[in-house]
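Kindly generate the complete structure, drawing on both the sequences and the hints.
In case you want the letters, here they are:
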Amino acid sequence: MSGSVTVSIQKDKCTGCGLCRLACSFDKNGVFNPNASRIWILDGDESGFYPNICRNCEEAPCLDACPAGALVRRREDGYILLNSEKCVGCNMCVMVCPFCAIGRMGDRNFKCDTCNHLEKCARICPHGAIQFEKPAHSRANKRRKLAGLLTAKTGGKEKW
Amino acid sequence: MVIVIIGSSIASKSALETLLPGMKKEDRVIIVTRDRDLFYSRVLLPNYISGELEKKDLFFASRDLVDDRRVSVVNEAVLAVDADNKELRLNSGNTVRYDRLIITAGASPTGVNVDGEHLPGVFYLRDLEDAEGIKDRAKRAKSCVVLGGGLVALKAATAVKKSGAQVKLIVASSRLLSAIADETVSRLIFGSLSAEGIDIRLGASIKQIGGNGQGVRYVALEDGTVIDADMVIAGKGVKPNIDIVKGTGIAVERGILVDAGMETTVKGVYAAGDVAQSMDYLNTRTGLFTLWPDAAQQGRIAAGSILGLEREYTGGLSMNSFVINGMPFIIIGSIREKDIKGCEVYSNFDERRQVYRKIVIRDGKPVGAAFAGDISYAGMVYWDIRAGRAVEEPGKYITKAGLKQIFTSRLF
Ligand SMILES: Cc1cc2nc3c(=O)[nH]c(=O)nc-3n(C[C@H](O)[C@H](O)[C@H](O)COP(=O)(O)OP(=O)(O)OC[C@H]3O[C@@H](n4cnc5c(N)ncnc54)[C@H](O)[C@@H]3O)c2cc1C
Ligand code: SF4
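These protein sequences, in sequence, are chains A and B.
In terms of the numbering used here, the first sequence has 145 at position 145, counting the first letter as 1, and numbering is strictly consecutive.
In terms of the numbering used here, the second sequence has 260 at position 260, counting the first letter as 1, and numbering is strictly consecutive.
Note that these hints are calculated values from the structure, not bench results.
On a predicted model such as this, the values are computed, not experimentally measured, just so you know.
In this text, a Cβ means the ideal position worked out from N, Cα and C, and glycines have one as well.
Some hints here could point you the wrong way.
Here are the simulated EDC-like cross-link-like pairs (lysine to aspartate or glutamate), alpha carbons at most 16 Å apart as the crow flies [unchecked claim]:
no.	chain 1	residue 1	chain 2	residue 2
1	B	Lys207	B	Asp223
2	B	Lys56	A	Glu85
3	B	Lys236	B	Asp82
4	A	Lys86	B	Asp57
5	B	Lys404	A	Glu85
6	B	Lys55	A	Glu85
Residues on chain A that point at chain B, a partial pick, calculated with CB under 10 Å [said to hold, decoys possible]:
no.	residue
7	Val31
8	Cys90
9	Ile124
Below, the structure is given as structure tokens:
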């Protein structure tokens, strides 16, 4: 789907400080408990750290897997949300998520919901390791791309 | 162009969702369904029976999807497809013409085929009406016998148990979920179900259902045992609803045969979901994949073919995820002993933690995996199987630390 939020991770900027996990758990559960976070930090030893979170896949397998209608794309920005009211905790989404970005608490599954556009993890990260690129930008990209094609047609060199 | 979709479940919904943004202004979609309510989820019916969900919670998509002037709904059963005249014959005698047809008629439960199978109080679990019947009867029932050891039988047993009745599960096979599970998984499921208070009889076949005008009174087994029961739920598998295409040029085996674009042997007619017999990802044969995610995908591909999008179905893969008494299970691909002869098999059962992991490798590639008790990284393994990704260190697939290492190394 064009015009959806894209999530980009710059692993080289992550220091493994864990602030994102605290911000996430506090926003979602009102507690500073990294285990309740919807973002995970993988420790790659000498290779550094990697903040792992839902990538908002263009063709998201989790959407097809959910038999409860709990996973849907938010209309405004194409972000995939897991509605915990509808979730029955069957783990079908967990089974197909290539990024292992869906967790579970109690009898329900959960995933990142962009903190209702506030993106607490990205905002708190002192190093800019996590970025949510808005569809507004994507649209701009598309326009630029189009412009690029047009210029290409007219002999321009721009490539997208 | 008039595009007719038979059925209003998941394959239908994903087809419709694909068609609407892609079709021409003058195109029309007609949904013909025997369901009273559109887009309710069969998978959730057990949660409805147990009382965890109400009817309003069963819908996986809003009815708003059909609130589009290009879409109309006909609430009637299709009796037959007339592929020569591009027409459907309906229950009422009316006909519906189509230019393109997508059949998403799903599957129906296989009958128990014993004396007494038509007594009041004998149920199957497939439609909302079935669930309503079961729910209603379970309120008054003291003892319920569930026949079958498959997923639907297990879910039905748990649901009725939660609603208060005594439940006995009668399984013909020598173990639970014998169609997809290996022995260890079967044993773990047995433990979880027993802990929920469900009484399980393995290797027992039913001879007769007895009762009177009021309904079921007992179930008699081949070995002479008689079990008191005031209701019976049969979960002995499903068969695709292919009757409506009998006598047309639409080829069927167990299901309607389709190609990678979900087209049947008749041009312009497509089939998707439980009704279709499609390519198998792990084998060269075709197979039935009566699974939700497959139905969703196939519906989209069928619709895409009609719109001229070239999107090929890569094949079905058996995959199941369920939770019994708080214990999560995921089974992907082939893990049964008899299916994996000659494969490399690595497994690990941690008795104390009640955690089980298994990976099956054929010619260097993973073809099956099981997780019980801890399903971390199952998604990664699923895609390794789908992608046929070579396994380098198989031992790592059966511990959490190992899986984490594989996952981490992929990201860097
Ligand atoms: C209790 C239960 C639990 C399940 N649990 C799981 C699970 O955990 N995981 C999983 O992957 N799958 C599960 N399944 C299977 C899953 O529900 C099916 O794979 C899925 O519903 C298939 O969707 P479908 O669209 O192909 O067909 P169906 O959901 O079967 O829908 C068929 C549609 O066609 C209509 N129809 C049929 N015949 C006619 C006719 N002649 N005329 C008009 N309309 C007709 C029906 O009314 C219905 O709308 C479960 C099923 C049940 C019953
Ligand atoms: S939850 Fe997983 S599968 Fe779904 S969009 Fe996010 S990364 Fe993709």
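Right, here's what the structure says about each hint:
1. B:Lys207 <-> B:Asp223: Since the Cα atoms of B:Lys207 and B:Asp223 sit roughly 9 Å apart, the hinted pair holds (cutoff 16 Å).
2. B:Lys56 <-> A:Glu85: holds, 12 Å
3. B:Lys236 <-> B:Asp82: Violated, at about 31 Å.
4. A:Lys86 <-> B:Asp57: holds, 7 Å
5. B:Lys404 <-> A:Glu85: Given pair B:Lys404, A:Glu85 is violated - Cα atoms ~30 Å apart, limit 16 Å.
6. B:Lys55 <-> A:Glu85: holds, 14 Å
7. Val31: violated, 22 Å
8. Cys90: With Cβ-Cβ at 6 Å, under 10 Å, it holds.
9. Ile124: violated, 21 Å
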